[in-house]
Amino acid sequence: MPEGYNFAYLDEQTKRMIRRALLKAVAIPGYQVPFASREMPLPYGWGTGGIQVTASVIGPGDILKVIDQGSDDTTNAVSIRRFFSKTAGVATTERTIDATIIQTRHRIPEHPLHEGQILVYQVPIPEPLRWMEPRETETRKMHALADYGVMHVKLYEDIARFGCIATSYNYPVLVHHRYVMAPSPIPKFDNPKMDRMPALQLFGAGREKRIYAVPPYTSVKSLDFEDYPFEIQRWDQPCALCGAADTYLDEVITDDVGTRLYVCSDSDACQERQKGAA
Amino acid sequence: MYVAVKGGEAAIDAAHRLLAQARRGDESVPELSLEQIGEQLGLAVDRVMAEGSLYDKRLAALAIKQARGDLVEAIFLLRAFRNTLPRLYDCEPIDTALMAVRRRISATFKDLPGGQVLGPTFDYTHRLLDFALAETGNRQEAVAAPAHADAGVAMPHVSSLLGREGLIEPEHGDDDQFPVEDLTREPLDFPASRALRLQNLARGDEGFLLALGYSTQRGFGNNHPFAGEIRIGEVEISIVPEELGFAVTIGAMTVSECEMVNQFKGSKDIPPMFTRGYGLVFGESERKAMSMALVDRALRAEELGEEIAAPAQDEEFVLMHSDNVEAMGFVQHLKLPHYVDFQGELVMVRELRAEREKDEARGKTEVGHA
Amino acid sequence: MTYSDPILTVQAISKRFMGRGGCVDVGFDLWPGEVLGIVGESGSGKTTLLNCLSGRTTPDEGVVLYRGRDGEMADLHAMSEPRRRLLMRTDWGIVHQNPRDGLRFGVSAGANIGERLMAVGARHYGAIRGTAADWLGRVEIDGLRIDDRPSTFSGGMQQRLQIARNLVNGPRLVFMDEPTGGLDVSVQARLLDLLRRLVREMHLACVIVTHDLGVARLLAHRLMVMKEGRVIESGLTDQVLDDPHHPYTQLLVSSVLPA
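Protein chains in written order, with our numbering: chain A, 15 to 292; chain B, 8 to 377; chain C, 605 to 863.
Be aware that one or more of the hints could be misleading.
Claimed, not checked - BS3-like cross-link-like pairs, simulated, lysine-lysine; straight-line CA separation at most 30 Å:
1. K100/A <-> K64/B
2. K168/A <-> K342/B
3. K117/B <-> K100/A
4. K100/A <-> K72/B
5. K64/B <-> K168/A
What the hints assert, rightly or not - From chain A, some residues computed to sit far from chain C (all C-beta separations above 10 Å):
6. G103
7. A105
8. K168
9. R175
10. P206
Don't read these hints as lab results, they were simulated from the structure.
What you are looking at is a predicted structure, and each value in this text was computed from that prediction instead of being measured.
C-beta: ideal position from N, C-alpha, C; glycine also.
Please construct the entire structure, taking both the sequences and the accompanying hints into account.
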């Protein structure tokens, strides 16, 4: 650990403040709790919310996994994993099932999470109503009054214009039948995994200074219409590496004449399956 | 056989080595010392201290050196460091009336107690490149300390002179009645108190405030300002340790202060009088202090019953977008990978296009049958 | 609730701004199916009064009582905000003078009409769209325009769209602020015709603010004449317009051609 810094970088007072916000967030699923976000040594918008949440819940015995775009090896995931191995000296892993805390940007691991695990999301814009209503003062009121008609106006408009709900990521959800929540920019493919997940889901938005949570086994429903039900993305071919047909695929362009192939975005799940097949 | 991209770790390490190399530049050129930065690029140091919200010239100089002269990056370094420091005491409010003044001007009175003191200012210089400075080894003639500089001369604030006649709104200084929140300890909430707004502006981006202040002058929320007073100099910092129970001076700092005096026509309950816009910034940063004072006054529109129509009067707009550490992070996060979301969009756009082609084909068939 | 119970009871409403403008000591009752016109020149306090009545401005003094579907009277400004907002999207409608204040210009006509339905829980796209199409017809807008944005509509169509958006879920009380302002005379006539028909069909109670006595004569059963924030004369529309008592009303009436 670098000299002069506390365990996991944040001082204990700050951690206590964040834990209080987390407790409130867990008590009111999907509600955005304001917290006094601190400047972190990483830029705002690069995971400072997630890092502060992780720093507040991590202990010396934890095993940390960090992914960005589903992969453990993207630069930002590497940078955040290093930050914690340096400042907290905790063990890290790339295996989803071994991790006690998983910090993520833009994906939920393919392997189902189990009880006792914590999934920490990095959130750029916590407010799901923001694109319909830019004012914080107004959106807060809308949440308080569950005045959510405008969300369906947007979905209606999508169907009227495109014939389907044209939101592919950060697809809004209703948590515990009460609060409309932004799931962070995960693909809508991952939305069903949030519903009644055995693991605790924590969301940190550093720049916007909000924390929210979905406790284990909580209902998370993607907004839709009865006659236009929520659907996830599908590919008409399996992963080129592991052959999985039920995972989220990245498109990789392999030459300059447009040849492309599809591979799992979750690098750990893909490798596990390849090993199993070998 | 395709193998998934790997090597993030190695790439980051290599990038950091390249950065260190680029920072140092040509090694045949002598390395910059923090003293050189502090002495010769003092205004850059001051800006970094102000927006970094940490008064430490040496650390600010280090941040500038480490950031290769990128001041916003240096501000970020200083903020992140500041965040780890323990809080031992809150200092007593500084008293700028007791400032050891280096510069003090008023645009509202030709002469006033204490006089006008230009001090080291760019004002009235002709902005001609001085090619003599291209060479090192220049020596400057020493300037005799101006006569006013002895601490005996009282320099009351212009606003206090107006206040004696009741021509300007009184300021409340009662922290018990109007407790001062701490922006760095509590999340910003709306409506924000003036104290909180001023804290936000004091560490807000100079360029942003300059543009907003300028916009009020051009008619987007005009409030008829006069530069009542600008003063720059040193003030003492004191704390009251609990075990002593009295104030102890622990040091001094340079601050720039601006009080704008603004027209106000009065209302049902308030007689016509001047109102204030206030700016206070660490170090020498007159432009920032003036901009801050303009924006502070603009943000008081609601309190003073003025119509809120311009961006500078919109509290949520100004306060949510003034912080350059927040802004730079979020703008620059766009270069982080967004493969997953983009893949979602790709799938969607292809589906929509396929749907449309199907529709068009169907439309053609129908026309064909008709 | 009996037929003779008022739907809205307004008692001694006052709202001043910096000691001027606003309205002073205004009171009246409004019955279901009745249209009340508030007339006066600009600056007479009509709009302030309308804002107080519709809950958008809190008056300095006085109360506004609304009789809900359950027959109970409730104080509009004392009730909780959730309840007030619910009323706004179920029982009440507001038609603004400027369509930009009353429509979402960023979404289609269909979405504009469907919003109130979705706000109270409608979740079947086909049904919402069907209702929206039906209402476009009722306000005489071509059903093919259902996916067009309001910005592509003429001024008269925008006003009709606003009306459809407000009436789609059968409100009981509608506030209108100069609904025909800024429209050509022929367009006005068509809109007034439409309003008259809808008010009758839906048995709507209606408060309509206008400076146009022609509009008032066509739509309103009763009139209140305002000057400098006060009601100076009120009564049945024909009575007030044909036999004005107050000199100011006489002046107003004499300056317009009989409708």
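**Cβ separation check - P206/A to all of chain C, threshold 10 Å** = 19 Å, holds
Can we trust that K168/A is non-interface, i.e. its beta-carbon lies farther than 10 Å from all of chain C? The claim is violated: K168/A sits with its nearest Cβ about 8 Å from chain C, within 10 Å.
### Task
Measure nothing beyond the straight line between the CA atoms of K117/B and K100/A; if it is 30 Å or shorter, mark the hint as holding.
Status violated; Cα separation ~61 Å.
Given the hinted pair K100/A and K64/B, is their Cα-Cα distance within 30 Å? Given that 30 Å is the threshold and the Cα spacing comes to 28 Å, the pair holds.
Check your understanding: When you check the alpha-carbon spacing of K64/B and K168/A, does it fall within 30 Å?
Key -> 51 Å, violated
- Examine each Cβ of chain C, and state whether all of them lie more than 10 Å from the Cβ of R175/A. At about 7 Å from chain C, R175/A fails to clear the 10 Å cut-off, so the statement is violated.
- Agreement of K168/A and K342/B with the hint, judged by alpha carbon distance not exceeding 30 Å: Since the Cα atoms of K168/A and K342/B sit roughly 28 Å apart, the hinted pair holds (cutoff 30 Å).
Check on A105/A being off the interface with chain C, judged by Cβ distance over 10 Å | 47 Å, holds
Requested in this report: Would you check the hint for K100/A and K72/B, treating anything up to 30 Å between C-alpha atoms as holding?
Outcome: The given pair, whose Cα atoms are some 24 Å apart, holds under the 30 Å limit.
Exercise. Would you assess whether G103/A, listed as outside the interface, keeps its beta-carbon beyond 10 Å of every beta-carbon in chain C?
Key: 50 Å, holds
In terms of the numbered hints stated before, the structure departs from hints 3, 5, 8, 9, listed from lowest to highest.
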